[in-house]
Amino acid sequence: MNFELTEERQMLQDTLRRFLADKYDVPTRNAILESESGMSAKIWSQLAELGIQGALFDEAQGGFGGAGFDIAVVFEELGRAGTVEPILETCIFGGGLIAALGNEAQKGLLESIIDGNTKIALAHSEPRSRYDLSRVETQYEDGKIKGHKSMAMGAPNADFVIISVRESGGNDDQNGISLFLVPASDLDMRTTAVMGGGMAADIYLDGLSVSDDKRLGPKGSAFLYLETVFAKAITAICAQTLGGMETATKLTIDYLQTRKQFGKPIGTFQALQHRLSDMLIELEQARSAVIGAAGYLDADTHLRDRYVSAAKNLVGRAARLIAEEAIQMHGGIAMTQEYELAHIAKRVVMADHMFGDTDHHLERFIALSAV
Amino acid sequence: MDLSYTDEESAFQSEVRNFLAEKLPKQMSEKVRLGGDLTKADMDEWHSILNDKGWLAQNWPKAFGGAEWDAVQRHIYEEEAALANAPRIVPFGLSMLAPVLQKFGSKEQCDHWLPRILSGEDWWCQGYSEPGAGSDLASLKTRAVREGDHYTVNGQKTWTTLGQHANMIFCLVRTDVDVKQQEGISFLLIDMDTPGIEVRPIVLLDGGAEVNEVWFTDVKVPVANLVGEENKGWTYAKYLLTHERTNIAGVGFSNAGLQAVKRIAKSELSAGKPLIENPHFAARIAQVEIDLMAMSLSNLRIVSQAAKGGAPGLEASMLKVKGSIIRQEINDLARRAVGPYALPFASEAIEGANEAPFGPEYAAPVAAEYFNNRKLSIFGGSNEVQRQIIAKTTLGAMR
Chain A
1 MNFELTEERQ MLQDTLRRFL ADKYDVPTRN AILESESGMS AKIWSQLAEL GIQGALFDEA
61 QGGFGGAGFD IAVVFEELGR AGTVEPILET CIFGGGLIAA LGNEAQKGLL ESIIDGNTKI
121 ALAHSEPRSR YDLSRVETQY EDGKIKGHKS MAMGAPNADF VIISVRESGG NDDQNGISLF
181 LVPASDLDMR TTAVMGGGMA ADIYLDGLSV SDDKRLGPKG SAFLYLETVF AKAITAICAQ
241 TLGGMETATK LTIDYLQTRK QFGKPIGTFQ ALQHRLSDML IELEQARSAV IGAAGYLDAD
301 THLRDRYVSA AKNLVGRAAR LIAEEAIQMH GGIAMTQEYE LAHIAKRVVM ADHMFGDTDH
361 HLERFIALSA V
Chain B
1 MDLSYTDEES AFQSEVRNFL AEKLPKQMSE KVRLGGDLTK ADMDEWHSIL NDKGWLAQNW
61 PKAFGGAEWD AVQRHIYEEE AALANAPRIV PFGLSMLAPV LQKFGSKEQC DHWLPRILSG
121 EDWWCQGYSE PGAGSDLASL KTRAVREGDH YTVNGQKTWT TLGQHANMIF CLVRTDVDVK
181 QQEGISFLLI DMDTPGIEVR PIVLLDGGAE VNEVWFTDVK VPVANLVGEE NKGWTYAKYL
241 LTHERTNIAG VGFSNAGLQA VKRIAKSELS AGKPLIENPH FAARIAQVEI DLMAMSLSNL
301 RIVSQAAKGG APGLEASMLK VKGSIIRQEI NDLARRAVGP YALPFASEAI EGANEAPFGP
361 EYAAPVAAEY FNNRKLSIFG GSNEVQRQII AKTTLGAMR
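So the protein sequences, as listed, match chains A and B.
For the first sequence, counting from 1, position 208 maps to 208 in the numbering used here; every step adds exactly one.
For the second sequence, counting from 1, position 155 maps to 155 in the numbering used here; every step adds exactly one.
Don't read these hints as lab results, they were simulated from the structure.
Careful, some of the hints might be misleading.
[What the hints assert, rightly or not] Using C-beta positions, here's what the derived DEER-type ranges look like:
| hint | chain 1 | residue 1 | chain 2 | residue 2 | range |
| --- | --- | --- | --- | --- | --- |
| 1 | A | N103 | B | E68 | 55 to 65 Å |
| 2 | B | I378 | A | I333 | 36 to 46 Å |
| 3 | B | K26 | A | G170 | 29 to 39 Å |
| 4 | B | A283 | A | L224 | 23 to 33 Å |
| 5 | A | I333 | B | G313 | 28 to 38 Å |
| 6 | B | P340 | A | G170 | 40 to 50 Å |
Quick reminder that beta carbons are idealized off the backbone N, C-alpha and C, glycines included.
Between the sequences and the hints, there should be enough to build the whole structure, so can you do that?
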C-alpha cells in the first residue's frame with residue numbers, strides 16, 4: 001500500500017500546476033470562454049510542449065504515461081484551473097480508440113495528437129441513447145452513414161471525428177457496433193457553446209458516404225473498446241471535477257476569512273463553519289473516490305467498473321454540494337459571470353451530464369453488485 | 001500509488017486470518033454476530049488468547065511487552081477481526097491508559113501497572129466525562145485536594161463504560177481552581193475498591209447497561225498514583241485523545257455491518273421477492289456502500305501516512321464525522337430490513353430478557369444497535385465539535 005505519487009508524476013503535477021497558475025489566470029480564461037472557438041490554440045500547443053498530451057499515452061503509443069494515476073494527475077490540475085481545451089476528447093477518447101483499434105495509417109495520427117497538431121472528438125451519444133453505452137441507432141449501410149449524433153463534445157474544434165454506427169443487431173445490442181474515423185470537414189454540424197466551458201455539436205448524418213477503409217477496428221465489435229475508454233474518461237472527468245472542487249473550496253475559505261458582515265469576518269459564524277467542514281469532508285471523499293477509480297483502472301473489468309461507477313456517483317453528489325454551498329456562502333458575488341467561482345461551479349455541476357450522471361451510475365453499481 | 005497490500009502486508013493479513021479462524025471460540029463469534037452481550041469472562045478469555053499470541057498490546061513498544069504493530073498492521077487486524085466477528089479489544093487499559101503511562105508515567109508506575117493490564121489482573125475504566133463536562137471536557141469539577149501523602153477526591157464521573165467490571169479507574173481531577181481551566185487538571189489512578197466510591201449503572205435507551213455513574217466521597221488516593229506532574233493532566237489527556245483516534249472511522253465495523261444488511265435483505269421478502277432486489281432499498285445500500293468504499297480509501301491514506309510517522313489531525317476529525325454517519329446509516333438500513341420483527345424489545349433491565357428471541361435470530365439486535373450507535377456521533381468529541389475543529393483549523397484566526 002502506498003499513496004504517494006511517483007517522482008515523475010509529482011514533477012508532472014508541479015509543472016502543470018505552475019504553468020496553469022501562470023498562464024491560465026481568470027481574465028485569460030474568461031476571454032477564452034467568450035471567444036468564438038471556445039478554446040486557446042496557444043495554450044493547446046504549450047500543453048503539448050510541456051508533454052501533457054504525451055502523459056496520457058504509454059510508451060508503445062509514443063507517450064510516457066497513460067496509466068490511471070497519470071490521467072488523475074493531469075485532469076485534477078486541468079480541473080483546478082478550469083481549463084476548457086478538449087484534452088479529454090482528443091487524448092482519452094480519440095487517442096485511446098485509435099491506439100487500441102487503428103490500422104497503421106490511422107495510428108499515424110497518434111504522433112500528431114501528442115505533438116499538439118491534431119484534435120479528435122467522439123460522436124457516440126444520440127438523442128435517444130441518454131447515457132446507455134450500447135444504444136446506437138445510427139446505421140452504416142452500403143457505404144453510407146445515416147443517423148443523428150448528439151452533444152459530441154469537442155467536435156467543433158476537431159480535425160477528425162470518430163462516429164459510432166450500428167452494423168447489426170437491435171438498437172441496444174452490445175454486438176454490432178462499429179466505429180469510423182472521418183475528417184471533421186466532411187460533417188454537417190450544428191455547434192453550441194457548453195455550460196461550464198467547451199464546445200459541442202449535434203451531427204446530422206444524412207447518408208454520408210464513408211468508405212470501408214475509414215472503419216476504426218474490426219466490424220461490429222467496438223463495444224468493449226468503448227467501455228474501456230469510457231472508464232478512462234470517467235476517471236478523467238472525476239479527477240477534473242475534483243480539481244474544480246478544490247478551487248471552489250479554496251475560494252470559499254478565502255472569502256469566509258475576508259468578507260465582513262455585521263462587523264466581523266463571516267467565517268466566524270458557526271452556521272457557515274459547519275457547512276465548510278461538510279464541504280471539506282466530501283472533498284476528501286471525492287479524492288478517495290478518484291484514487292479508487294484510477295487505482296483499479298487496469299484491474300479486471302468488474303472491479304474496475306465498480307470503482308469507476310462509484311466514483312462518478314460520489315463525485316457527482318459532492319460536486320453539487322460543493323458548488324451549491326460555495327455559491328451560497330459567497331452570496332451575491334457568486335452570481336456574476338465574471339467572478340472566478342461562476343465558471344468553476346458550472347463546470348463541476350455540468351460534468352454530471354457527461355458519461356452518465358449520479359443516478360445512472362448508482363443503477364450501474366447496483367447491477368454490478370448483483371453479479 | 002499502489003492500492004493493494006505489499007507481499008509482506010498480505011502475508012500478515014493471512015496470518016491474522018488464520019489465527020482468528022483457529023483461535024477465536026465459535027460461541028464467542030456467534031455471540032458477537034448476533035449482537036449478544038459479552039460477559040466479563042468472555043472478554044477476559046479473548047484478551048488472554050490474544051496475550052498468549054503476543055497480540056494483545058498491539059500498539060505498545062516491544063520494550064513494554066507489546067507487538068509494536070504499525071498503523072497498517074493495526075488496520076489489517078481491525079478489518080479481519082470485524083469480519084470474523086471477534087470481540088473488540090477493551091481499549092481502556094491497553095490503548096488509552098498505557099500510552100500515557102509509557103509516555104508520562106514513572107518507571108515504577110510502568111513496571112507495576114503495565115504487566116497487570118496484559119495479564120488481566122486489572123480492569124481499567126475511564127473517568128473523564130462528568131454530568132457538567134461532556135464535549136467541554138476541560139470544565140470538569142471533580143476535586144482532588146492534596147493532604148500529605150494522599151489526595152482526597154470528591155465528585156462524580158459519568159458515562160463510565162464497563163465501569164461495573166473495573167477494579168481501577170484513571171481520572172481527570174481538578175487540583176487547582178485558581179488558574180485557567182486547562183491548567184488545573186491532574187491525572188490520577190484510583191482503586192475502585194477504595195472506601196467512598198460508588199458505581200451506579202445507567203440503563204441506556206436500547207436496554208443495555210454498559211455505562212455507569214461513579215461517585216467519589218472523600219476518597220483517599222496515594223500521591224504515588226499521580227501520573228506525571230500535578231496540573232499537567234490536560235496535556236496527558238490530549239495525548240491520549242490522539243491514541244483514542246486510531247480506528248476512529250470504524251471501517252471494519254461498517255464493512256461487517258454492510259455484509260449483515262445484505263444477508264438480511266437477501267432473506268427478507270418484499271412483494272414476494274428478496275428485499276435486496278427492491279430498487280429503492282438496493283439504491284440505499286449501494287449509496288452507503290459507495291460512501292464506505294471511498295471512506296475506506298481515506299482511512300487507508302491516513303493509516304499509511306501514520307505508519308510513516310505522520311500525525312493525523314484534521315483528517316481524524318473528518319473520518320470521525322464521516323465514519324459515524326456511515327455506520328449509523330448502515331444501522332438504520334439493518335433496522336428497516338428486518339421489518340416488523342425489529343419491534344420486540346429485550347432490555348437487560350427487564351426480566352426474562354435472555355429468552356429465545358422473537359422472529360429470525362438476525363432481527364433481535366438491530367433496533368437496539370441502531371439506538372445504541374447514536375452514541376457514535378456524540379462521544380469522543382461530538383460531530384459538531386469535530387466540525388468546529390475542522391473549520392477552525394482551516395480558517396485560522398480571523399479578525
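These are the hints, each one checked on the structure:
no.	hint	verdict
1	A:N103 <-> B:E68: 55 to 65 Å	59 Å, holds
2	B:I378 <-> A:I333: 36 to 46 Å	38 Å, holds
3	B:K26 <-> A:G170: 29 to 39 Å	53 Å, violated
4	B:A283 <-> A:L224: 23 to 33 Å	28 Å, holds
5	A:I333 <-> B:G313: 28 to 38 Å	31 Å, holds
6	B:P340 <-> A:G170: 40 to 50 Å	45 Å, holds
Consistency with the previously given hints fails for number 3 only.
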